[in-house]
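A.B. asks: Given next are the chains, with one letter for each unit.
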Amino acid sequence: MEDRIIRWQTEFKKGYAKPCVLYVLSKGDYHAYRVRKEVQQLTEGQIVIAGSNIYPMLRGLAKEELIERFEKDEQKLYKITPTGRNFLERILVDLREFLEVFQQIATKER
Amino acid sequence: MAVEKEIIAEAEFLRQVNSWLPPRASQKDEWLQELSQDLQAAYEDTSARLPTSERWQEVLSEFGPPQEVAKNLVSSRTEAFTRVSYSRRVFAYLIDLLITISLAILVALPIVGVLYFVIVHGDVLTDSNTLAIILFLLVVNLLIILVIMALLGYFVVLERHWGATVGKKLLGIQVVSETGLRITWQQAIVRNLSKLNEQFLLFDWLIGWLMKTDRQRGLDVAAKTQVVYNF
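Chains A and B, in that order, are what the protein sequence lines are. Heads up, the first sequence is in my numbering, so the first residue is 1 and it goes up one at a time. Heads up, the second sequence is in my numbering, so the first residue is 111 and it goes up one at a time.
Okay, chain A solo, but in the shape it has when bound:
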């Protein structure tokens, strides 16, 4: 039972990881490890990107041209692109609508 709960949680949390990464990068330019930490802090530990999974996630976002990798003082950093910013705005609106519905369902069941 407990195992399955954890698996379900991981499954539904996974969808929020990408918007969170994008959100974090909309607040500042960070290196990969810092992005991970910021997401963890932002979500109060609800979303923890495990191990080196941050790399495919960042590359995926870069491939979609939502973020960009650059070098500064020999540091490899990531920043959000203008497209990424617009994208995030739209996604946050959708998320809000989506979460409102779920909040209603969850509170009804309490």
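Calculated from the structure, these hints are not laboratory results. Heads up, a few of these hints could be off.
To be verified - Only pairs whose alpha carbons sit at most 16 Å apart, straight line, appear in this in silico EDC-like list of lysine to aspartate or glutamate:
#, chain 1, residue 1, chain 2, residue 2
1, A, Lys37, B, Asp155
2, B, Lys334, B, Asp324
3, A, Lys18, A, Glu64
4, A, Lys76, B, Asp139
5, A, Lys27, A, Glu89
6, A, Lys13, A, Glu44
7, B, Lys115, B, Glu164
8, A, Lys63, B, Glu189
9, A, Lys27, A, Glu68
10, B, Lys115, B, Glu168
11, B, Lys334, B, Glu288
12, A, Lys72, A, Asp29
13, A, Lys37, B, Glu154
14, B, Lys138, B, Glu189
15, A, Lys18, A, Glu89
16, A, Lys79, A, Asp29
17, A, Lys72, B, Glu140
18, A, Lys37, B, Glu172
19, A, Lys79, A, Glu68
20, A, Lys76, B, Glu140
21, A, Lys18, A, Glu65
22, A, Lys37, B, Glu168
23, A, Lys79, A, Glu64
24, A, Lys79, A, Glu65
Owing to the predicted nature of the structure, the values given are computational and were not obtained by experimental measurement.
Using the hints, position chain B against chain A.
C.D. replies: Only chain B this time, still in chain A's reference frame:
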């Protein structure tokens, strides 16, 4: 003192990650640099929470095993999973065939020369000397084994070591695991067993084709390997 130990531990971790990355991956150094930077950041991060002796252990457990890390580094490269057409691979094989045949001749020629000398000038076979005949047969068999080893060794060693044979290198393709990682010795041996002769290879290809694989030979499936474009 402690710092020195950490530097060695980090280098060792990076070395292990590197050993899993395909040898021909062009962005390898860049990936490892970024990883090194993040490892150091993670290490800094633990300073407030943990005593020095436990910090590195924590960082390693946070990043996961080297093989997983390597997998995550290559996973976003679609080229690592875009398989090369059979026809391109045949061209690569023809080049390799030319090289291996030359190689086999080069290995065999001196031995054949010695044998010829022994047979013609030593009257070995006409003598009723059993020991000499046994020795002669032994040498012939050894020669055959040597040639086969040279043929297979060429493919196995180069694919494991460089990720490609000379033919593959010239055609801009490489062998990687189905996970996108570097192939192991075992994988290199299994996938090349059918290169012993052309009929085996044709049969191997036919099996792959009948299995409706995505451009894999039967032994590619068995070894969990694939031939992809350079990336």
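A.B. asks: Against the 16 Å threshold, does the CA-CA distance of Lys18/A and Glu65/A hold or violate the hint?
C.D. replies: holds (13 Å)
A.B. asks: Quickly compare the C-alpha distance for Lys37/A and Glu172/B to 16 Å and report which way the hint goes.
C.D. replies: Distance ~12 Å between Lys37/A and Glu172/B Cα, so the pair holds.
A.B. asks: Taking 16 Å as the top limit, are the C-alpha atoms of Lys72/A and Asp29/A close enough?
C.D. replies: holds (10 Å)
A.B. asks: For the pair supplied as a hint, Lys37/A and Glu168/B, is the alpha-carbon distance within the 16 Å limit?
C.D. replies: holds (15 Å)
A.B. asks: Has the given pair, Lys18/A with Glu64/A, been kept, meaning a C-alpha gap of at most 16 Å?
C.D. replies: Holds, because 12 Å separates the two Cα atoms, which is no more than 16 Å.
A.B. asks: Just to be careful, I want the Cα atoms of Lys138/B and Glu189/B compared with a cutoff of 16 Å; is the pair within it?
C.D. replies: Status holds; Cα separation ~14 Å.
A.B. asks: For the pair supplied as a hint, Lys37/A and Asp155/B, is the alpha-carbon distance within the 16 Å limit?
C.D. replies: holds (10 Å)
A.B. asks: Run the distance test for Lys79/A versus Glu68/A: straight-line Cα separation, threshold 16 Å.
C.D. replies: Roughly 5 Å between the alpha carbons, so the hint for Lys79/A and Glu68/A holds.
A.B. asks: Given the hinted pair Lys27/A and Glu68/A, is their Cα-Cα distance within 16 Å?
C.D. replies: holds (14 Å)
A.B. asks: Hinted pair, alpha-carbon criterion (16 Å max): Lys76/A, Glu140/B. Please report holds or violated.
C.D. replies: holds (9 Å)
A.B. asks: Straight-line Cα separation of Lys18/A and Glu89/A no greater than 16 Å?
C.D. replies: holds (13 Å)
A.B. asks: Does the structure keep Lys115/B and Glu164/B at a Cα separation of 16 Å or less?
C.D. replies: Answer holds: Lys115/B to Glu164/B is near 12 Å, not above 16 Å.
Checked against the numbered hints above, the structure breaks none of them.
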